[in-house]
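When the letters of the sequence shown are read in order and numbered with this note's numbering, they come out as residues 2 to 178.
There's no promise every hint is true.
The following label-pair restraints were derived from C-beta to C-beta distances [to be verified]:
1) ASN174 - ILE32: 18 to 26 Å
2) ILE5 - ARG42: 17 to 25 Å
3) VAL22 - ASN174: 25 to 33 Å
It is worth saying that the hints were derived from the structure and are not from the lab.
None of these values were measured; they are calculated from a predicted model.
Where a beta carbon is used, it is the ideal one built from N, C-alpha and C, also for glycine.
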Amino acid sequence: AKVIVSRRDMCFWYTPKILGVLRISNYFVDILVANCQAVARKAMEEERFSENRTRVIYNGYARGGGVPQVDSSQWLAMGIGVDDYVIAKTANLYPIKRHNDLLLAFSNVHSRFPNSHLVLIGGGAEEDALQKMTDGLGLRRHVHFLGARNDVDRIIQRADVCVSSSESEGLSNAIME
Numbered sequence: 002a003k004v005i006v007s008r009r010d011m012c013f014w015y016t017p018k019i020l021g022v023l024r025i026s027n028y029f030v031d032i033l034v035a036n037c038q039a040v041a042r043k044a045m046e047e048e049r050f051s052e053n054r055t056r057v058i059y060n061g062y063a064r065g066g067g068v069p070q071v072d073s074s075q076w077l078a079m080g081i082g083v084d085d086y087v088i089a090k091t092a093n094l095y096p097i098k099r100h101n102d103l104l105l106a107f108s109n110v111h112s113r114f115p116n117s118h119l120v121l122i123g124g125g126a127e128e129d130a131l132q133k134m135t136d137g138l139g140l141r142r143h144v145h146f147l148g149a150r151n152d153v154d155r156i157i158q159r160a161d162v163c164v165s166s167s168e169s170e171g172l173s174n175a176i177m178e
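Take the sequences, apply the hints, and build the full model.
Next up, the structure:
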C-alpha cells in the first residue's frame with residue numbers, strides 16, 4: 002500500500018522529539034502532500050523530505066448556496082447593534098495565532114470607536130487567558146468568544162473587517178473564507 006501524508010502548516014508545533022519521529026517515519030512515506038509551496042518547502046527543509054516525493058495540492062474554498070442570511074437577533078442578543086462595527090477573526094485560540102496582540106490592537110480601536118466589537122471564532126487552549134486579558138482591558142461587553150462553529154460564513158458576512166494576526170500561515174483557510 003502507498004503511504005501518503007499531508008502537511009498544512011508551517012511546522013510551528015515541531016519539537017525536537019516530534020521532528021525526530023517524523024524524520025524516521027518518513028522513510029516509510031511514498032508521497033508528502035502540502036497545501037502550498039511554502040509548506041512544502043518547510044516540510045522538505047525541516048523533515049528532510051525529498052522534493053521528488055513532495056506534491057502540492059492547494060487549499061480550496063467552495064462557497065455553495067449563495068450568501069447566508071444574517072440573523073440580527075443573534076447579534077442583538079450579544080449586544081451588537083445593527084450600526085455597530087464588527088471585527089472578526091477565525092482561528093484556533095493558540096499562541097501562534099496572536100490573539101493577545103489582536104486584543105491590544107482592538108483596545109486602541111475601541112477607544113476611538115466605542116461601538117466596535119471583536120468577534121473571535123474558534124476554540125483552544127488560550128481561551129481562559131484571553132478572557133482574563135479581555136476583562137483586564139475592560140472590553141468584556143465588546144469582545145465575543147464564539148468557540149468552534151460550523152456557521153462561519155454567516156458570522157463573517159456580518160463583519161466589517163476580518164483579521165489575520167497569525168505569526169505563521171502556510172495557506173490560510175480563514176483568509177480564503
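ASN174 paired with ILE32, Cβ distance criterion 18 to 26 Å = 22 Å, holds
message = I want to verify a distance hint. Is the separation of the beta carbons of VAL22 and ASN174 within 25 to 33 Å?
response = Hint holds: Cβ distance 26 Å, inside 25 to 33 Å.
query = Is it true that ILE5 and ARG42 lie within 17 to 25 Å of each other by Cβ?
reply = Since the Cβ atoms of ILE5 and ARG42 sit about 19 Å apart, the hinted range of 17 to 25 Å holds.
Hint compliance for this structure: no hint is broken.
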